[in-house]
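Q: Okay, here's what each chain looks like letter by letter:
Number of protein chains: 2
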Amino acid sequence: MPLRFVIEKKIPRAQGRAGTLLTAHGTVKTPAFVVVGTKATIKALTPEQVRDLGAQIILANTYHLYLEPGDNLVKKAGGLHKYMNWPGPTMTDSGGFQVFSLGAAYGKELSKITKITDPSFLLSERSSDSELPRLAKIGDDGVSFRSHLDGSLHYITPEKSIEIQHNIGADIIFAFDECTSPAENLRYQEEALGRTHRWALRSLEYHKNSKNGSKQALFGIVQGGREERLRKKSAKVLSEMKSQGGSSFDGFGIGGSFAKEDMSTAVKWVNETLPEEKPRHLLGIGEPEDLFLGVENGIDLFDCVAPTRNGRTGTLYTRKGKINITNKQFQNDFSAIEEKCDCYTCRNYSRGYVSHLFKAKEMLAATLGSIHNLRFIISLVEEMRKSILTDSFFGFKKDFLSEYLR
Amino acid sequence: MPLRFVIEKKIPRAQGRAGTLLTAHGTVKTPAFVVVGTKATIKALTPEQVRDLGAQIILANTYHLYLEPGDNLVKKAGGLHKYMNWPGPTMTDSGGFQVFSLGAAYGKELSKITKITDPSFLLSERSSDSELPRLAKIGDDGVSFRSHLDGSLHYITPEKSIEIQHNIGADIIFAFDECTSPAENLRYQEEALGRTHRWALRSLEYHKNSKNGSKQALFGIVQGGREERLRKKSAKVLSEMKSQGGSSFDGFGIGGSFAKEDMSTAVKWVNETLPEEKPRHLLGIGEPEDLFLGVENGIDLFDCVAPTRNGRTGTLYTRKGKINITNKQFQNDFSAIEEKCDCYTCRNYSRGYVSHLFKAKEMLAATLGSIHNLRFIISLVEEMRKSILTDSFFGFKKDFLSEYLR
Numbered sequence: 001m002p003l004r005f006v007i008e009k010k011i012p013r014a015q016g017r018a019g020t021l022l023t024a025h026g027t028v029k030t031p032a033f034v035v036v037g038t039k040a041t042i043k044a045l046t047p048e049q050v051r052d053l054g055a056q057i058i059l060a061n062t063y064h065l066y067l068e069p070g071d072n073l074v075k076k077a078g079g080l081h082k083y084m085n086w087p088g089p090t091m092t093d094s095g096g097f098q099v100f101s102l103g104a105a106y107g108k109e110l111s112k113i114t115k116i117t118d119p120s121f122l123l124s125e126r127s128s129d130s131e132l133p134r135l136a137k138i139g140d141d142g143v144s145f146r147s148h149l150d151g152s153l154h155y156i157t158p159e160k161s162i163e164i165q166h167n168i169g170a171d172i173i174f175a176f177d178e179c180t181s182p183a184e185n186l187r188y189q190e191e192a193l194g195r196t197h198r199w200a201l202r203s204l205e206y207h208k209n210s211k212n213g214s215k216q217a218l219f220g221i222v223q224g225g226r227e228e229r230l231r232k233k234s235a236k237v238l239s240e241m242k243s244q245g246g247s248s249f250d251g252f253g254i255g256g257s258f259a260k261e262d263m264s265t266a267v268k269w270v271n272e273t274l275p276e277e278k279p280r281h282l283l284g285i286g287e288p289e290d291l292f293l294g295v296e297n298g299i300d301l302f303d304c305v306a307p308t309r310n311g312r313t314g315t316l317y318t319r320k321g322k323i324n325i326t327n328k329q330f331q332n333d334f335s336a337i338e339e340k341c342d343c344y345t346c347r348n349y350s351r352g353y354v355s356h357l358f359k360a361k362e363m364l365a366a367t368l369g370s371i372h373n374l375r376f377i378i379s380l381v382e383e384m385r386k387s388i389l390t391d392s393f394f395g396f397k398k399d400f401l402s403e404y405l406r
Numbered sequence: 001m002p003l004r005f006v007i008e009k010k011i012p013r014a015q016g017r018a019g020t021l022l023t024a025h026g027t028v029k030t031p032a033f034v035v036v037g038t039k040a041t042i043k044a045l046t047p048e049q050v051r052d053l054g055a056q057i058i059l060a061n062t063y064h065l066y067l068e069p070g071d072n073l074v075k076k077a078g079g080l081h082k083y084m085n086w087p088g089p090t091m092t093d094s095g096g097f098q099v100f101s102l103g104a105a106y107g108k109e110l111s112k113i114t115k116i117t118d119p120s121f122l123l124s125e126r127s128s129d130s131e132l133p134r135l136a137k138i139g140d141d142g143v144s145f146r147s148h149l150d151g152s153l154h155y156i157t158p159e160k161s162i163e164i165q166h167n168i169g170a171d172i173i174f175a176f177d178e179c180t181s182p183a184e185n186l187r188y189q190e191e192a193l194g195r196t197h198r199w200a201l202r203s204l205e206y207h208k209n210s211k212n213g214s215k216q217a218l219f220g221i222v223q224g225g226r227e228e229r230l231r232k233k234s235a236k237v238l239s240e241m242k243s244q245g246g247s248s249f250d251g252f253g254i255g256g257s258f259a260k261e262d263m264s265t266a267v268k269w270v271n272e273t274l275p276e277e278k279p280r281h282l283l284g285i286g287e288p289e290d291l292f293l294g295v296e297n298g299i300d301l302f303d304c305v306a307p308t309r310n311g312r313t314g315t316l317y318t319r320k321g322k323i324n325i326t327n328k329q330f331q332n333d334f335s336a337i338e339e340k341c342d343c344y345t346c347r348n349y350s351r352g353y354v355s356h357l358f359k360a361k362e363m364l365a366a367t368l369g370s371i372h373n374l375r376f377i378i379s380l381v382e383e384m385r386k387s388i389l390t391d392s393f394f395g396f397k398k399d400f401l402s403e404y405l406r
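In the order they appear, the protein sequences are chains P and D. Take the first sequence: its position 123, counting from 1, is numbered 123 in UniProt numbering, and each next residue is one higher. Take the second sequence: its position 143, counting from 1, is numbered 143 in UniProt numbering, and each next residue is one higher.
Don't take every hint at face value.
Claimed, not checked - Dumping the calculated DSSO-like pairs for lysine-lysine here, alpha-carbon to alpha-carbon at most 27 Å:
1. 75/P to 359/D
2. 320/D to 397/D
3. 268/D to 278/D
4. 359/P to 160/D
5. 76/D to 160/D
6. 43/P to 328/D
7. 260/P to 320/P
8. 82/D to 340/P
9. 322/P to 76/D
10. 359/P to 361/D
11. 322/D to 76/P
12. 9/D to 278/D
13. 76/P to 359/D
14. 278/P to 232/P
15. 361/P to 361/D
16. 232/P to 322/P
17. 29/P to 43/P
18. 359/P to 75/D
19. 29/P to 361/P
20. 43/P to 361/D
21. 322/P to 43/P
Hints were generated in silico from the structure; no laboratory data involved.
Isolated chain P (complex conformation) (with noise of 0.2 Å):
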């Protein structure tokens, strides 16, 4: 078993629970955050000071390693642990997101949440009629699309997908999966659906057929959209899901855009149908009114760019909500960025200092606030994690969003 997964304490009259996840290089204690480390780096920080702000796995990215530096760069480098120096557990995601996003939204930049409200990106993304410029094509078989950075064409099947993220060496990798956008029609989300369980059940079994397959842990990806029928269906599908061997998937991801309300429900769907016993990843979450409904919906782990991006553009987080530290009224604040928090970042400088840094474009500014920012996410997943132990979820939520969103 490439994966052990304990869970340690349940929230009462809810799936939320607490538990341990034990991978080839480490223990992360859940529910957590992960951390993205997009190109084999998390921007601005060292390994290092990730670490220090409690981080416990990272996340890197198999579709932009794929093309630089290469999968076969990492592998020959000794994998993605010894690449970028980061020896504790790693995820990669499948690739499939970001082929369907970048690789069709040639030279733009998406943000998973705010696809739902842009009618450009829903066109850009799948057009049922050939009028528009199109860089990703679908077929049963795999999808080619073009690389955002030089718009060189490239041929991405389940089968490579896993071949890749071998390459890349996470302990933790997933299936490869096709990511609708919630606009599509409900026939066009079936017919999806029926592609993302064929690409499941292939990414099972070239998994669990290669060497890496006890090494390295899959999870597979439940879609389905906004649809109940179709979430649950998914979550259905792939928790029995075996290959010829017998083997299943180590644990789930739970896939697709949101829009903001319907995310808990779909979780919900979703997990009351995925076996209790394996982990549950939310792909792409980590605002913390979100985590809250993830955890107590049963998600053990998350991720999510927004505090690192953020961080690097001065939007920090703070108890009472978020504050753009490059407004004039910071530049005379000696206290730190949130009384309360007990990052490098709040210990060390005041919110007029970083103030400075950010007006005078100076790189420490991304540094300091992409740390503020992921240790006050982490330290709050932290916090849940405590009040599940402690029977107090439901208290510490109500305690903690009506202050933040007041």
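Please arrange chain D on chain P, whose structure you already have, making use of the hints.
A: Below, chain D alone, put in the same frame as chain P:
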């Protein structure tokens, strides 16, 4: 006395020496390389990273901090040490060099060494007629100049420069000087040098009569271009200069734009004249071959942006000379940047990984490059110091440069 300097050992038949500088915020073993933190931050690094690579003292920039965030704000924040989280020894330059370079060359960025061969800069720096736009205007009382940030008009006198440096609060501050181009004619050099000396005396008077006079050390700046007579005169005048209360400078800077081949001669002239018992800082010099010449000729302190600027752009020091890590050949090279280097970067990352970070425009590239280059230079100066203490300076110099410059 805001500063003590003890010479521990001299190079036989040369002016070079190893010593200890005692400041209000700690001790500096000399010769020492001073790390430049222009805007109260060492670009791309935390203060802890700077300390861990062996830096003993840092230099912030009066001109830049005066414009942004303002010296009064730094004072209000508790001074430079507290504001930027660097508890060790600090310096500020006088702002003279930047007023004449950045203030004059609005919108341009210029390195000290290249100035001499860049005719467009020489013209823009000062022109004898009024046809060219000039942003800095020199009067006998001070300099008016336009901010390179927003074009706003400012006026700095020697007293104002010292007042700004009091507000910033570094352990060692510099007298306000006029930094002339070596391309100026002799008549102008003499005139400017006279002004620099009058400004030095005003800086000395103002500082030593203030309450900060006993807390911060003041260095005078020797100018005089490429002229032996002027350099020696400047060194003599500043050595003998005394305030009305009988105070003299606590140490000396050697300023000016040097051509590579002039530097060591100018330093030699000056240091033959300066009092042996006081520390000497060569301003803006930091390439390995120049450091050897400086140390040999009696320089105790150096500062330069080259290691960090090179580090941010991928030009990295090795014992065999500089390499451009972004070159294709390094992508598949999994050895350390420099085998013999003990820095964080070389201990944990390969050339291939650092190359990938630069190619992918990741911020960690600048961090790892700066750490390596600074450690390379600082460890070189540490070795020079050790070689002085063990009477082997010239042997070390020969060995190092024969490999480095071949």
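Q: Against each hint, give a clear statement of whether it holds in the structure.
A: Status of each hint after checking the structure:
{"no.": "1", "hint": "75/P to 359/D", "verdict": "holds, 19 Å"}
{"no.": "2", "hint": "320/D to 397/D", "verdict": "holds, 14 Å"}
{"no.": "3", "hint": "268/D to 278/D", "verdict": "holds, 15 Å"}
{"no.": "4", "hint": "359/P to 160/D", "verdict": "holds, 25 Å"}
{"no.": "5", "hint": "76/D to 160/D", "verdict": "holds, 18 Å"}
{"no.": "6", "hint": "43/P to 328/D", "verdict": "holds, 23 Å"}
{"no.": "7", "hint": "260/P to 320/P", "verdict": "holds, 20 Å"}
{"no.": "8", "hint": "82/D to 340/P", "verdict": "holds, 20 Å"}
{"no.": "9", "hint": "322/P to 76/D", "verdict": "holds, 26 Å"}
{"no.": "10", "hint": "359/P to 361/D", "verdict": "holds, 21 Å"}
{"no.": "11", "hint": "322/D to 76/P", "verdict": "holds, 26 Å"}
{"no.": "12", "hint": "9/D to 278/D", "verdict": "holds, 14 Å"}
{"no.": "13", "hint": "76/P to 359/D", "verdict": "holds, 18 Å"}
{"no.": "14", "hint": "278/P to 232/P", "verdict": "holds, 16 Å"}
{"no.": "15", "hint": "361/P to 361/D", "verdict": "holds, 16 Å"}
{"no.": "16", "hint": "232/P to 322/P", "verdict": "violated, 35 Å"}
{"no.": "17", "hint": "29/P to 43/P", "verdict": "holds, 24 Å"}
{"no.": "18", "hint": "359/P to 75/D", "verdict": "holds, 19 Å"}
{"no.": "19", "hint": "29/P to 361/P", "verdict": "violated, 36 Å"}
{"no.": "20", "hint": "43/P to 361/D", "verdict": "holds, 10 Å"}
{"no.": "21", "hint": "322/P to 43/P", "verdict": "holds, 20 Å"}
Figure legend: structure checked against the earlier numbered hints; hints not met, in rising order: 16 and 19.
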